[in-house]
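Given the structure of chain R, go ahead and fit chain Z onto it with the hints provided.
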Amino acid sequence: MTKNKKWIKGLFILLLCMNLTGCLPTDVVDDIFTVQAIGFEDAGDHKILGTVVAPIYAQTQSTNQGTGAQSQGTTDTFSAVSHSDKEVIEKLQTESQQQLKLGKLTVILINDTLAKKGIEKYLDYFNRDPHIGRNVFVAIVDGSTRRLLDNQYASNPDVSRYLFDLIQQNIKRNFPVTNLHEYFYDYYGKGINAFLPVLKKHGDHIEIEGIGLIKHNRYIGLLPFNKYAFIFKILNEPCDQGTYAIKLSRHNFVTVKNIGSKVKYKVRNGKSAKPEIFINVNLNGIITEASVQNNPQKYIKAVSKVLKKDLENKGKNLTEILQKRGVDPLGLGDQVRSYTRNWNEHQWYQHYPDAKINVNVKVNITQTGITE
Amino acid sequence: MNDHSLVSATRGFQPDKNQQKNILWQKRFGKGLPLIYTFHTDKERNLMMPTSTLTKPKISENSQVSPFLVFFLMTSMQFGVGILGYARYITHFAGYDAWISILLSGVSTNIILYLIYKIIERGNKNDMIAIHKELFGKWLGGLLNLIVLSYFFSYVVTILRSYIEIVQIWLFPQFPTWELSLLILLLVYTFVVGGFRTVTGMCFLSLVYGGFLLLLVYFPLEYAHFSNLLPLFNHSVPSLLRASKQMLLSFLGFELIFIYYPFIKNPDQSKKWAHAALMYTTFIYVILAIVIFIYFSERQLSHTIWSTLAMWKIVKLPIIERFEYFGLAIWLFVILPNICLGVWTVTRGLKQQFSIRQIITLPFILTAILIITCLFKNRIVIDKLNTAVSMTGTTFIYFYIPILFIYQWLFLKVKKND
Numbered sequence: 001m002t003k004n005k006k007w008i009k010g011l012f013i014l015l016l017c018m019n020l021t022g023c024l025p026t027d028v029v030d031d032i033f034t035v036q037a038i039g040f041e042d043a044g045d046h047k048i049l050g051t052v053v054a055p056i057y058a059q060t061q062s063t064n065q066g067t068g069a070q071s072q073g074t075t076d077t078f079s080a081v082s083h084s085d086k087e088v089i090e091k092l093q094t095e096s097q098q099q100l101k102l103g104k105l106t107v108i109l110i111n112d113t114l115a116k117k118g119i120e121k122y123l124d125y126f127n128r129d130p131h132i133g134r135n136v137f138v139a140i141v142d143g144s145t146r147r148l149l150d151n152q153y154a155s156n157p158d159v160s161r162y163l164f165d166l167i168q169q170n171i172k173r174n175f176p177v178t179n180l181h182e183y184f185y186d187y188y189g190k191g192i193n194a195f196l197p198v199l200k201k202h203g204d205h206i207e208i209e210g211i212g213l214i215k216h217n218r219y220i221g222l223l224p225f226n227k228y229a230f231i232f233k234i235l236n237e238p239c240d241q242g243t244y245a246i247k248l249s250r251h252n253f254v255t256v257k258n259i260g261s262k263v264k265y266k267v268r269n270g271k272s273a274k275p276e277i278f279i280n281v282n283l284n285g286i287i288t289e290a291s292v293q294n295n296p297q298k299y300i301k302a303v304s305k306v307l308k309k310d311l312e313n314k315g316k317n318l319t320e321i322l323q324k325r326g327v328d329p330l331g332l333g334d335q336v337r338s339y340t341r342n343w344n345e346h347q348w349y350q351h352y353p354d355a356k357i358n359v360n361v362k363v364n365i366t367q368t369g370i371t372e
Numbered sequence: 001m002n003d004h005s006l007v008s009a010t011r012g013f014q015p016d017k018n019q020q021k022n023i024l025w026q027k028r029f030g031k032g033l034p035l036i037y038t039f040h041t042d043k044e045r046n047l048m049m050p051t052s053t054l055t056k057p058k059i060s061e062n063s064q065v066s067p068f069l070v071f072f073l074m075t076s077m078q079f080g081v082g083i084l085g086y087a088r089y090i091t092h093f094a095g096y097d098a099w100i101s102i103l104l105s106g107v108s109t110n111i112i113l114y115l116i117y118k119i120i121e122r123g124n125k126n127d128m129i130a131i132h133k134e135l136f137g138k139w140l141g142g143l144l145n146l147i148v149l150s151y152f153f154s155y156v157v158t159i160l161r162s163y164i165e166i167v168q169i170w171l172f173p174q175f176p177t178w179e180l181s182l183l184i185l186l187l188v189y190t191f192v193v194g195g196f197r198t199v200t201g202m203c204f205l206s207l208v209y210g211g212f213l214l215l216l217v218y219f220p221l222e223y224a225h226f227s228n229l230l231p232l233f234n235h236s237v238p239s240l241l242r243a244s245k246q247m248l249l250s251f252l253g254f255e256l257i258f259i260y261y262p263f264i265k266n267p268d269q270s271k272k273w274a275h276a277a278l279m280y281t282t283f284i285y286v287i288l289a290i291v292i293f294i295y296f297s298e299r300q301l302s303h304t305i306w307s308t309l310a311m312w313k314i315v316k317l318p319i320i321e322r323f324e325y326f327g328l329a330i331w332l333f334v335i336l337p338n339i340c341l342g343v344w345t346v347t348r349g350l351k352q353q354f355s356i357r358q359i360i361t362l363p364f365i366l367t368a369i370l371i372i373t374c375l376f377k378n379r380i381v382i383d384k385l386n387t388a389v390s391m392t393g394t395t396f397i398y399f400y401i402p403i404l405f406i407y408q409w410l411f412l413k414v415k416k417n418d
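Listed in order, the protein sequences are those of chains R and Z. With the UniProt record's numbering, the residue at position 242 of the first sequence is 242, and numbering never jumps. With the UniProt record's numbering, the residue at position 252 of the second sequence is 252, and numbering never jumps.
Some hints could be false.
[Stated by the list, open to error] Facing chain Z, from chain R, some residues (calculated, C-beta under 7 Å):
1) I13
2) L24
3) P130
4) G133
5) R134
6) Y162
7) F184
8) Y185
9) G189
10) R341
11) N344
[Said to hold, decoys possible] Straight-line distance between alpha carbons at most 16 Å, and here's what the computed EDC-like set of lysine to aspartate or glutamate pairs gives:
12) R:K104 <-> R:D165
13) R:K324 <-> R:D354
14) Z:K265 <-> Z:D418
15) R:K117 <-> R:D142
16) Z:K313 <-> R:D129
17) R:K104 <-> Z:E321
18) R:K262 <-> Z:E222
19) R:K101 <-> R:D30
20) Z:K265 <-> Z:E61
21) R:K190 <-> Z:E121
22) R:K262 <-> R:E237
23) R:K121 <-> R:D30
24) R:K316 <-> R:D354
25) R:K172 <-> Z:D418
26) R:K172 <-> R:E237
If you're looking for bench data, these hints aren't it; they were derived computationally from the structure. Ideal Cβ placement from N, Cα and C applies to all residues, glycine included.
Next comes chain Z alone, as it looks inside the complex:
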């Protein structure tokens, strides 16, 4: 400690953390020893990293949110309809070793998230719309923006339509799709009109409302068959990876940070929360998957479409005989922020792209969602929609983002050398 203050006193500036690390390192091993890795100061690192010439976006502090709320924005966006039935799809490839695949998905999404943050930081903390325009020009960039936004849009449609399907199958078979869709979308309208902060609040509440449903994993344990999980690693690595790819649909949603990043106050601090959010999601998915695996036998699970809901059937409470109806009603609050944030993102993206006010595009987007949800009539089509969105998501996450990352790096480097 004294050493540092001495150094800083003589040089006349406060050493940052990395410099302190360098000093400690030298103190320990002597100055003569070559350093395996030099810890650069933030300034040095910034000089090394090529950054874009884009101006920093200006968002008034009134509409920004605290960095820790990124945790809620991410988790609530990830928990959607996928969690109600994901177990069946992953066991199709990796059997009851599939929980390992969930861990793999968790790790890979964390890496992708790191890349996303890097892309945004290099783009001088702009959102994806501006970065695309810088990298690919006005027309191609605009086209890419539209593709990405339509992907977000179809993501929202998938969630809404799947939820409506579940309500129609489990609760009210006579409920017309358009009616429920309209009702939910009106609710969405009232939230999205309130702006990003209201949507964030919704995300926070959804985790609180939906969180206690996790306690329900206690009930199936009465019928647990722990030997189902054995023997471990009974599946090949390729099948584990395929299951992990299948798992991605349940992990989608975190990439929306591409659009709402400028709305985070002190965004550098939000990194740890974002990674924590992904780890939390992974943790919940693994726990739930293990409970499902020990409750159902493998072939039984392959016949169960919504395994999580089917598992709630065994819940016995003195006042509620059939818990799944109650749980399904609560689930509205879990999917509501999904739709709100998705719709907000799309309108925000359109605003950045075409400079149209969000309040004007919002009714059009909602009407489009309403019409499209009504077009999907039965289980087979909805399943196809799910698969298509999942495929698009996989491509976007695992191919497009790394490519964008490398392209941006090359682009900025070439530009800098010019």
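The following block holds chain R by itself, in its conformation from the complex:
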């Protein structure tokens, strides 16, 4: 083959490549609205109200403060009422100046009355669409999602960013790990039920109310954040942050910071009618807030003892509530499965309310900070 011929061939391929770029639709950032948060709520009469939030980059005013300041963009919020979630998104398109694209979605909110009727049908779309990431937070909202999303908050004008950061920083501390992937892991998992954070609007702030329990894809109840989030997290997964306040005496409170806890499960008689589950938590903590003491060694011992008792009680309380309601967000069934041959999911749910669950916490307080 001569050199000349090769040239022609190369040119031909190059031309073909150029041709390709013309054929496919492109998404230029300036020409689309990147939806970052989406909310669904019950609009009555078997209809749902969808709300999306998209930041507007084009109208951002550049700040004159210098290089360090980040320009605070404005957001645009649209709502539409329709019969299904896909239809809502289609209807929202008709309101929007630019095309709505879901690729950068970070938060999916579902209103509590809607969640009580079933969640899966709203999330299936997001599980199926390849453009949706897995580090997306799903949350249940106590109240209207539209009112929550269509609002300017003090800490960040971009509500989707605010929601994302709020949930993320809580996951790092006291709230158990949750995102779209974990939700579907639990939802499809055998011997596990899913849970979601429950949010509520408080004036110009948003607050995590607690852990929303989900059974058969319906929202059935709430575990209050202050009471159960910490114990839920340390029973559910290893964690190395989070603070917990305990009451020593009437006016004496102490705050312990968790610097590393591990949880181990043991199961006995997994197939019998009364399975026995041992949850052993090993918690290393430091005291961050306490009144000045004369005898620190004794004090640490006393705090450890109270903390151990308190956490064990809470743990027992928690598992009792879960057993009573017949939900298993901790995945105890999954733990039993990993210890039992030929485990049967159906059988397990019959035995679950009678299961004996022992929570055993070992507290190890290593230091009291830089003062004694």
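Frame of chain R, contents of chain Z only:
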């Protein structure tokens, strides 16, 4: 050591390794003891083993490749589209014990590879085309050759069509099949025209480009549930074997050595590399399967078509928010050598069979691939194609090769006695 040199000095020739072993053995246990196993010299072994009367193929050294490159030829041919979704298919039968099935597949393919090498060596280092012709005559042999070549051809079609399907689903739903197919096949043309050495180079590069994607298994570990793997051996042996059979599609590709064997320089040395390649593939598949198993719950995995790609969704990097798009683009370099080597094999086979030059058949083969890829329109048909090729592959590997091995042995023995 002195002993050996003495022996060799007295007998006047250098003892080979096996003879040395015999001498050592006798030294240790005394000459009177009966030997449980006598180590034969290579010459003796060659005399015992019936070989064909075929002449050794002559391939110029300019177009041959070093024996260690067989490692890359084999691994890159095995990593195709299968690795993106194999976990789901094997868990269907063996649940989360399926990683054991992968090990079983690894062991069985190693045995088959041993048989392949033996068949080729007995056929006096000829490729499958010549061996078939010798064993079954011109017509039947030719027919078998065509069947095998069309199997290789459909293997290439499956890989290309599956990749295009993934691109259409994940990246560009509007991308017409023929356009992407044409683009890739033009690329394939430029590589295959360069000959076997260029294709081998492509295989080597694909492992380098694709290799770093394996580091991504670090990210899902943040959401690991190790208890998923317990309890071990919770499935019966038949279900493990069924999963292992299902796994074979991801192991296919190593049998192409039947055609490219004459292109390996010092082919005896390539054996260890070939076996190492199969072990490496097994190792990677097991590691990846375990990561997938601890990341997904079992029912969740059964709903996920491309588990490996879905797992990349969780990768968080400061500059790339959604890694799977990037990974999918890199994946082109992983499937490209698959197609190149496959197409080269088919054209080479046709050359051996009909004595048509490869440069002439190549455009026809590529056009045929282009047309056939466009015929498969949706997921269901593509899935059927995958199953069909997998079935054919299983039959070819687990039934045909052992039968060929035994038949060749009998054939040569009878011929020798005549």
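Here's how the hints hold up against the structure:
no. : hint              : in the structure
1   : I13               : 6 Å, holds
2   : L24               : 5 Å, holds
3   : P130              : 5 Å, holds
4   : G133              : 6 Å, holds
5   : R134              : 4 Å, holds
6   : Y162              : 19 Å, violated
7   : F184              : 6 Å, holds
8   : Y185              : 5 Å, holds
9   : G189              : 4 Å, holds
10  : R341              : 6 Å, holds
11  : N344              : 12 Å, violated
12  : R:K104 <-> R:D165 : 15 Å, holds
13  : R:K324 <-> R:D354 : 9 Å, holds
14  : Z:K265 <-> Z:D418 : 34 Å, violated
15  : R:K117 <-> R:D142 : 14 Å, holds
16  : Z:K313 <-> R:D129 : 12 Å, holds
17  : R:K104 <-> Z:E321 : 9 Å, holds
18  : R:K262 <-> Z:E222 : 15 Å, holds
19  : R:K101 <-> R:D30  : 12 Å, holds
20  : Z:K265 <-> Z:E61  : 7 Å, holds
21  : R:K190 <-> Z:E121 : 52 Å, violated
22  : R:K262 <-> R:E237 : 7 Å, holds
23  : R:K121 <-> R:D30  : 32 Å, violated
24  : R:K316 <-> R:D354 : 14 Å, holds
25  : R:K172 <-> Z:D418 : 81 Å, violated
26  : R:K172 <-> R:E237 : 12 Å, holds
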